[in-house]
Amino acid sequence: MMLKIKPNELLNSAEICAAKGQNALTAMFGADERELGAGYAIYILFTDLVSHDIKTIRVDFPADSELTYESLTPLYPAAAWYEREINDMFGLRPLGHPDLRTLVLHETFPWGYYPLRKDVDAKKQIRGQREYNMSTAQGNGVFEVAVGPIHAGIIEPGHFRFSQAGEDILQLDAKLFFTHRGIEKLVEGKSIDEALIIVERICGACTIANTLSYCQALEKLTEEKVPKYAWLLRMLLAEVERLYNHVGDTGNLCAGLGFAPIVSMGSALKEKIMHCNESLAGNRFLRGIIIPGGVRKAISPETLRELQVTLAEVEKGYENIVELLANHSDFLNRVHATGIVRKQTAVDLALVGVAARASGIDVDCRRDLPYGYYHTMNFDVPVEHSGDVYARLVIREREVTQSLKLLRQIINNLENSATQELSYENANYRTEEGSWGISESARGSNLHWLMLDKKQKIYRLFVRSASYPNWPALTMAVQGDIIPDFPLINKSFELCYACVDR
Amino acid sequence: MFKLIETILAGKIKTQPVNNMGEENFRGELVLQPQACEQCNKCVEVCPMGAITTENAENLPGIDYKRCLFCGMCVEICQKEALQHTRKDAAPLFSGDNLAELNVLINKRIGRSLAIRHLDAGSCNACDFEMGALSNPIYDLQHYGMSFVASPRHADLLMVTGVVTRNLEQALIMSYEAMQEPKLVMAVGACAISGGIFGENYATVGALEKVLPVDIALPGCPPRPAAMLLALAAAADIYAAKKK
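Each protein sequence line maps, in turn, to chains A and B.
Residues in the first sequence are numbered from 33 upward in steps of one, following my numbering.
Residues in the second sequence are numbered from 206 upward in steps of one, following my numbering.
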């Protein structure tokens with residue numbers, strides 16, 4: 033469903049699509065469609081859990097108009113970052129936005145420079161100056177702690193500014209987009225296959241999720257059908273990706289409080305799966321196997337058997353970790369009631385994935401916006417309610433069990449599959465039509481939206497990874513906790529920078 | 206508590222010797238069967254990185270590992286199976302002319318150390334996760350006398366991943382300048398070495414060598430942890446030689 037509206041109708045239309053806050057604001061992005069005989073556009077996507085569909089609003093801005101609209105952020109806080117990004121990249125300005133600082137473009141970019149406009153040269157580096165002021169709390173005795181962008185450990189770059197009253201965190205502001213590589217601009221004008229290579233490299237840990245969303249968005253633009261065998265392989269890869277992330281992240285969470293034995297156990301278990309990835313896809317991050325239309329190659333019975341052996345080892349090893357953590361009172365003391373995200377905050381920010389489910393929001397797009405053959409599989413979506421580090425840990429633990437259960441069903445289906453058809457051939461995709469694809473990554477729903485031009489090249493690709501809506505929740509979660517708990521709280525979210533920054 | 210100690214003791218030593226051969230299907234270094242090659246140039250055309258060229262004396266495909274993503278498309282398109290992936294990691298590339306001596310040095314494993322500072326200059330996090338894996342019990346970086354340190358001021362080697370973005374250029378330069386002499390720089394993965402799939406655009410400066418002098422380039426997308434270990438062993442030797 034798509035509503036096409038004028039800027040002054042936005043608030044009313046959003047109210048209808050949000051259905052009194054029942055439907056989460058899933059994504060919001062700009063587009064420059066002047067070459068297509070339209071103006072600029074803002075697309076706003078709401079997920080409707082009743083009809084299992086995404087409702088889209090398209091706001092049209094004639095090129096010679098004001099290029100402003102009334103901000104959604106005061107009513108839908110989830111819109112805050114999206115509106116800042118659209119302002120940066122297209123110069124469409126939200127009026128009444130409470131915090132319209134730059135987001136994506138840092139100090140070396142001049143004001144008034146909008147890289148995603150079509151008349152801006154993708155290759156040319158325009159240098160200038162703009163301000164990026166960190167948001168801080170003021171008051172007697174309040175001081176700031178600045179961390180990053182280069183961190184002490186092997187972590188992606190981001191700058192954190194804590195406003196402190198002694199050890200207590202009053203406020204945290206996160207400056208991200210350090211690894212902004214201009215991906216959405218870079219893919220424009222590229223063929224579907226050229227863009228695929230780039231999409232696979234948006235993020236290492238979400239390779240399959242990004243590729244799967246991209247391919248699905250394309251596949252909705254053709255009548256051709258992806259063969260069932262190929263879908264089963266894709267689901268296998270998606271669950272393996274979830275598994276290695278969750279196992280590694282469980283261990284890594286313990287690094288946030290210096291619990292070394294579990295860090296070691298988790299990383300050793302993850303390494304077992306990474307070895308298996310190499311056999312499955314020829315690459316430890318599962319690159320080079322999913323393509324639009326299906327998959328590039330079959331997986332041999334021997335490799336499937338190797339995977340089953342690994343899964344059995346991982347299950348045993350992981351059960352051991354879960355048991356050790358559940359019985360360690362010092363550990364439990366640190367994770368309980370630390371880094372709480374209340375349910376209302378989670379709803380307001382339209383959180384996804386582990387972070388949402390730990391705060392009582394029952395969402396999982398494998399079930400809610402089903403794709404592939406997940407609807408034929410038997411799996412549960414775990415939900416917790418305390419919204420703390422402990423809840424996010426428990427969600428991961430229970431999802432590991434569910435992924436193992438899914439993997440066994442998928443392997444069983446693959447072994448009994450009569451055909452091994454890998455993909456459809458040479459599809460012709462509809463052009464100048466927007467299309468979304470979604471998949472559930474280890475961190476939550478991952479959405480791609482794209483449009484092709486008449487030559488079947490990418491006209492616009494928008495990427496919203498799971499970490500994008502969840503990052504602002506981290507800054508809320510730490511308020512009132514002490515600064516030594518920050519690494520622990522941070523690792524309980526385990527957010528990607530690369531797929532947010534793009 | 207006792208259960209934890211029991212588990213640690215029962216776990217035994219998990220560390221494995223360095224193995225530069227991947228699993229069965231791993232897409233590693235490419236080999237060419239010159240007799241089988243019909244010089245159809247399809248591999249040159251299909252390569253998304255332009256990493257293959259036949260502009261040499263024999264007119265046979267040559268691979269530029271500074272750009273190769275190990276994506277397998279050239280092998281797939283080669284009808285004569287002249288190009289094949291081996292399971293072997295691509296070897297690190299060194300700047301400078303003392304290659305032969307280095308190969309001897311690489312095999313020596315004692316009497317040196319290396320303090321490493323990681324720096325993500327705009328990566329997709331795959332190289333970084335592999336670097337993190339070096340500290341797991343399987344690779345156990347520290348038992349080779351090498352470790353990651355928290356500050357560039359303590360580091361002998363800056364290990365850089367990713368294409369250099371404009372938003373990180375300043376932090377990269379400041380980190381490098383904060384290091385004491387002598388110091389080394391390693392470009393990890395296709396993006397850092399050559400700019401990779403991102404190259405130079407409005408948001409990226411490009412390859413690391415445009416900003417800092419690069420001593421060692423480690424191919425891959427991403428390079429496996431075992432390949433990183435070998436490159437680090439070589440870096441430790443180069444560093445020892447530099448200190449003299």
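Since the hints were derived computationally from the structure, they do not count as laboratory data.
There could be a bad hint or two in this list.
In silico DSS-like links for lysine-lysine, alpha-carbon gap of 25 Å or less [said to hold, decoys possible]:
{"hint": "1", "chain 1": "A", "residue 1": "Lys489", "chain 2": "B", "residue 2": "Lys415"}
{"hint": "2", "chain 1": "B", "residue 1": "Lys293", "chain 2": "A", "residue 2": "Lys329"}
{"hint": "3", "chain 1": "B", "residue 1": "Lys285", "chain 2": "A", "residue 2": "Lys487"}
{"hint": "4", "chain 1": "A", "residue 1": "Lys87", "chain 2": "A", "residue 2": "Lys437"}
{"hint": "5", "chain 1": "B", "residue 1": "Lys293", "chain 2": "A", "residue 2": "Lys304"}
{"hint": "6", "chain 1": "B", "residue 1": "Lys217", "chain 2": "A", "residue 2": "Lys348"}
{"hint": "7", "chain 1": "A", "residue 1": "Lys489", "chain 2": "A", "residue 2": "Lys156"}
{"hint": "8", "chain 1": "B", "residue 1": "Lys219", "chain 2": "A", "residue 2": "Lys155"}
{"hint": "9", "chain 1": "A", "residue 1": "Lys222", "chain 2": "A", "residue 2": "Lys257"}
{"hint": "10", "chain 1": "A", "residue 1": "Lys150", "chain 2": "A", "residue 2": "Lys375"}
{"hint": "11", "chain 1": "A", "residue 1": "Lys304", "chain 2": "B", "residue 2": "Lys208"}
{"hint": "12", "chain 1": "A", "residue 1": "Lys222", "chain 2": "B", "residue 2": "Lys271"}
{"hint": "13", "chain 1": "B", "residue 1": "Lys415", "chain 2": "A", "residue 2": "Lys156"}
{"hint": "14", "chain 1": "B", "residue 1": "Lys271", "chain 2": "A", "residue 2": "Lys304"}
{"hint": "15", "chain 1": "A", "residue 1": "Lys348", "chain 2": "A", "residue 2": "Lys304"}
Distance ranges between label pairs, derived from CB positions [as the list claims (entries may be wrong)]:
{"hint": "16", "chain 1": "B", "residue 1": "Ile210", "chain 2": "A", "residue 2": "Asp225", "range": "46 to 56 Å"}
{"hint": "17", "chain 1": "B", "residue 1": "Gln347", "chain 2": "A", "residue 2": "Glu334", "range": "34 to 44 Å"}
{"hint": "18", "chain 1": "B", "residue 1": "Val251", "chain 2": "A", "residue 2": "Glu465", "range": "22 to 32 Å"}
{"hint": "19", "chain 1": "B", "residue 1": "Arg358", "chain 2": "A", "residue 2": "Lys155", "range": "35 to 45 Å"}
Positions of the beta carbon are idealized from the N, C-alpha and C atoms, including for glycine.
Do the hints match the structure? See the list:
no.: 1; hint: Lys489(A) with Lys415(B); in the structure: violated (31 Å)
no.: 2; hint: Lys293(B) with Lys329(A); in the structure: holds (21 Å)
no.: 3; hint: Lys285(B) with Lys487(A); in the structure: violated (32 Å)
no.: 4; hint: Lys87(A) with Lys437(A); in the structure: violated (32 Å)
no.: 5; hint: Lys293(B) with Lys304(A); in the structure: holds (19 Å)
no.: 6; hint: Lys217(B) with Lys348(A); in the structure: holds (16 Å)
no.: 7; hint: Lys489(A) with Lys156(A); in the structure: holds (21 Å)
no.: 8; hint: Lys219(B) with Lys155(A); in the structure: violated (48 Å)
no.: 9; hint: Lys222(A) with Lys257(A); in the structure: holds (24 Å)
no.: 10; hint: Lys150(A) with Lys375(A); in the structure: violated (40 Å)
no.: 11; hint: Lys304(A) with Lys208(B); in the structure: holds (23 Å)
no.: 12; hint: Lys222(A) with Lys271(B); in the structure: holds (22 Å)
no.: 13; hint: Lys415(B) with Lys156(A); in the structure: holds (16 Å)
no.: 14; hint: Lys271(B) with Lys304(A); in the structure: violated (29 Å)
no.: 15; hint: Lys348(A) with Lys304(A); in the structure: holds (13 Å)
no.: 16; hint: Ile210(B) with Asp225(A): 46 to 56 Å; in the structure: holds (54 Å)
no.: 17; hint: Gln347(B) with Glu334(A): 34 to 44 Å; in the structure: holds (35 Å)
no.: 18; hint: Val251(B) with Glu465(A): 22 to 32 Å; in the structure: holds (29 Å)
no.: 19; hint: Arg358(B) with Lys155(A): 35 to 45 Å; in the structure: holds (36 Å)
Of the numbered hints listed earlier, those contradicted by the structure are 1, 3, 4, 8, 10 and 14.
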